[in-house]
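Q: Work out the full structure: start from the sequences and follow the hints.
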Amino acid sequence: MYILGISAFYHDSAACLIRDGEIIGAAQEERFTREKGDASFPVNAINFCLAEAGLDLTAVDHIVFYEKPFQKFERLLETYIAYAPKGFRSFATSMPLWVKDKIFQKRAISAELNEIAGEKTDWNDKLLFSEHHLSHAASAYYPSPFESAAVLTLDGVGEWATTSLAIGHNEKLEIHREIHFPHSVGFLYSAFTYYTGFKVNSGEYKVMGLAPYGEPKFADRIRDNLIDVHEDGSFQLNMDYFGFCTELKMTNDRFHSLFEGEPRKPETHLTQREMDLAASVQKVTEDIVLKLAKNIRMETGETNLCLAGGVALNCVANGLIERSEIFDQIWIQPAAGDAGGALGAALAAYHLSLGNPRSVRSDQMDGMKGGYLGPAYSRDEIVAELNELGAVLEECSDGEIVTKTAQALANGKAVGWMQDRMEFGPRALGARSILADPRSPEMQKNLNLKVKFRESFRPFAPSVLAEHSQDWFECKSVAPYMQIVANVKSEKRFSMSDEQESLFGIDKLNIARSEVPAITHVDYSARLQTVHRETNPRYHELISEFYRLTGCPMLVNTSFNIRGEPIVCTPKDAFRCFMGTDLDVLVISNVWLEKPKQNLSLDADYRDSYELD
Numbered sequence: 001m002y003i004l005g006i007s008a009f010y011h012d013s014a015a016c017l018i019r020d021g022e023i024i025g026a027a028q029e030e031r032f033t034r035e036k037g038d039a040s041f042p043v044n045a046i047n048f049c050l051a052e053a054g055l056d057l058t059a060v061d062h063i064v065f066y067e068k069p070f071q072k073f074e075r076l077l078e079t080y081i082a083y084a085p086k087g088f089r090s091f092a093t094s095m096p097l098w099v100k101d102k103i104f105q106k107r108a109i110s111a112e113l114n115e116i117a118g119e120k121t122d123w124n125d126k127l128l129f130s131e132h133h134l135s136h137a138a139s140a141y142y143p144s145p146f147e148s149a150a151v152l153t154l155d156g157v158g159e160w161a162t163t164s165l166a167i168g169h170n171e172k173l174e175i176h177r178e179i180h181f182p183h184s185v186g187f188l189y190s191a192f193t194y195y196t197g198f199k200v201n202s203g204e205y206k207v208m209g210l211a212p213y214g215e216p217k218f219a220d221r222i223r224d225n226l227i228d229v230h231e232d233g234s235f236q237l238n239m240d241y242f243g244f245c246t247e248l249k250m251t252n253d254r255f256h257s258l259f260e261g262e263p264r265k266p267e268t269h270l271t272q273r274e275m276d277l278a279a280s281v282q283k284v285t286e287d288i289v290l291k292l293a294k295n296i297r298m299e300t301g302e303t304n305l306c307l308a309g310g311v312a313l314n315c316v317a318n319g320l321i322e323r324s325e326i327f328d329q330i331w332i333q334p335a336a337g338d339a340g341g342a343l344g345a346a347l348a349a350y351h352l353s354l355g356n357p358r359s360v361r362s363d364q365m366d367g368m369k370g371g372y373l374g375p376a377y378s379r380d381e382i383v384a385e386l387n388e389l390g391a392v393l394e395e396c397s398d399g400e401i402v403t404k405t406a407q408a409l410a411n412g413k414a415v416g417w418m419q420d421r422m423e424f425g426p427r428a429l430g431a432r433s434i435l436a437d438p439r440s441p442e443m444q445k446n447l448n449l450k451v452k453f454r455e456s457f458r459p460f461a462p463s464v465l466a467e468h469s470q471d472w473f474e475c476k477s478v479a480p481y482m483q484i485v486a487n488v489k490s491e492k493r494f495s496m497s498d499e500q501e502s503l504f505g506i507d508k509l510n511i512a513r514s515e516v517p518a519i520t521h522v523d524y525s526a527r528l529q530t531v532h533r534e535t536n537p538r539y540h541e542l543i544s545e546f547y548r549l550t551g552c553p554m555l556v557n558t559s560f561n562i563r564g565e566p567i568v569c570t571p572k573d574a575f576r577c578f579m580g581t582d583l584d585v586l587v588i589s590n591v592w593l594e595k596p597k598q599n600l601s602l603d604a605d606y607r608d609s610y611e612l613d
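Residues in the sequence shown are numbered consecutively from 1, following our numbering.
Keep in mind that a hint or two might mislead.
No farther apart than 27 Å at their CA atoms in a straight line, the calculated lysine-lysine pairs in the DSSO-like style are these [claimed, not checked]: (1) Lys120 to Lys106; (2) Lys476 to Lys492; (3) Lys413 to Lys445.
Cβ pair distances, simulated, as ranges [as the list claims (entries may be wrong)]: (4) Thr300 to Glu215: 33 to 41 Å; (5) Ser324 to Ala82: 14 to 22 Å; (6) Gly390 to Ala111: 35 to 43 Å; (7) Glu299 to Glu467: 32 to 40 Å; (8) Arg273 to Ile511: 21 to 29 Å; (9) Lys106 to Asn238: 49 to 57 Å; (10) Asp328 to Leu602: 14 to 22 Å; (11) Ser477 to Asp224: 32 to 40 Å.
Rather than coming from a laboratory, the hints here were simulated on the basis of the structure.
All C-beta atoms in this analysis are idealised placements derived from N, C-alpha and C, irrespective of residue type, glycine included.
A: Below, the structure is given as structure tokens:
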């Protein structure tokens, strides 16, 4: 049985194909169109999934959309009525789009499917609609390694739900409790994303990365005025301070007065105030998530927790849950945002609507196959594409390519690394990654400014051999999807003088804080990826060779893209990024390219092609 899951029309459109409950392929549309966060119908992602299975669309048994559009329209109407006439401008702006496209989304989806199929087909018997939070919950529970678990979903909003608790047992999954719009911890965080000058729905991770530079000086002000949090973790926003119900922005004048200033303009200088605001909303969010987790454990008796929704990408909060030991084990969907809804919709249909049994795999950590679910390219495809671009390349054997790359990294080179199937979700996990030596005190700053072209405060993640992770990090469990922040172990840290500790914000970056300064954030934390031989043998082999050369069992790993651009998908994408940045080496499968050997006329700055994130 083949089931195609689709998410689209808001942000991070994606498609996923499952066969008898097993994931065959999954990808975000942005990777193909090169438009970050692409919300359009995922034609390219669907075509990839079908090609991966060798299938025509008409042969798919069911097609499942990740949410119910008419219920979202109902929320829009009820919100306008509740605030009328105050929200008329927002309502008038969104209404034409809803009337034109979204109310009749079933018809629009059918038309898109006809285009892909190349023929007019009646999709009514095949087309299903899941619920937004059920799709999220299913994406987290069904691929998890647990036979039963509580599932916490936190995001901005689905149809009505912003927070939900579901219980999964075998193939059953049922939502037990919800918090409804407009009360949303996701929107609280997004309000501060907007207020500190970053882009909503993509800049939230910047706020998380900025938080350790500040102090939570405004946390009590947030609790006293913006959000009422109960002991069980449930909460209510004070809508007097927010604009997302009635205006075309997240915050309003009363919010600005509370924090004594207008929102920071994007791309302007960051001050200690923004750092303190980031630290404050991060602290409030962490407290809410921990209270929810404690209450869920007490209420349900479940010993395992799964997490999904955009807030589940807050790996600092995830790390706190893990260290709290409230649950025996936690598992977080690597594509926790709306892209993962495509996967969850397909799995919910297979197990819930169609009643198919679920089996927990014993020969791997979970059902996500390491997250490597996107396109891969053959040797002939890679060489042909690079030759067409005028690249100067060298082909190597399996062993030679690993040895040469490890040596280049040990020599301080920055390497673009593209191997096998592309990752599903926002994290690069060693298939579409930029790699570097974590021992270098200058690497974090240089990668940000010369390769990624992004803010200098942004931290980088370590990819560490799973068998050595506990030698370096305070982490009790595996973290294959870079979804948990753990502290560098005390014996690997460097002590700071009082003068160094008192440095202003981003000046702290210039102080090496551990034996691996390029991945150690200013609070001694790191967003960890444990690398396992079973799920990514070549990446594991590369880090093992680097370990043999240097005694360091990890690499700096950041996504293979520049700021504002989606992660690379094809060899062409990789070469273009290589030539437009200060990367020294590009490795695609067994193909080796060095920057000095390339035709310099191919060197082009393409940053203006992408909207800043």
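Q: Checking each numbered hint in turn, tell me which of them this model violates, lowest number first.
A: When the structure is compared with the hints, numbers 5, 9 and 10 turn out to be violated.
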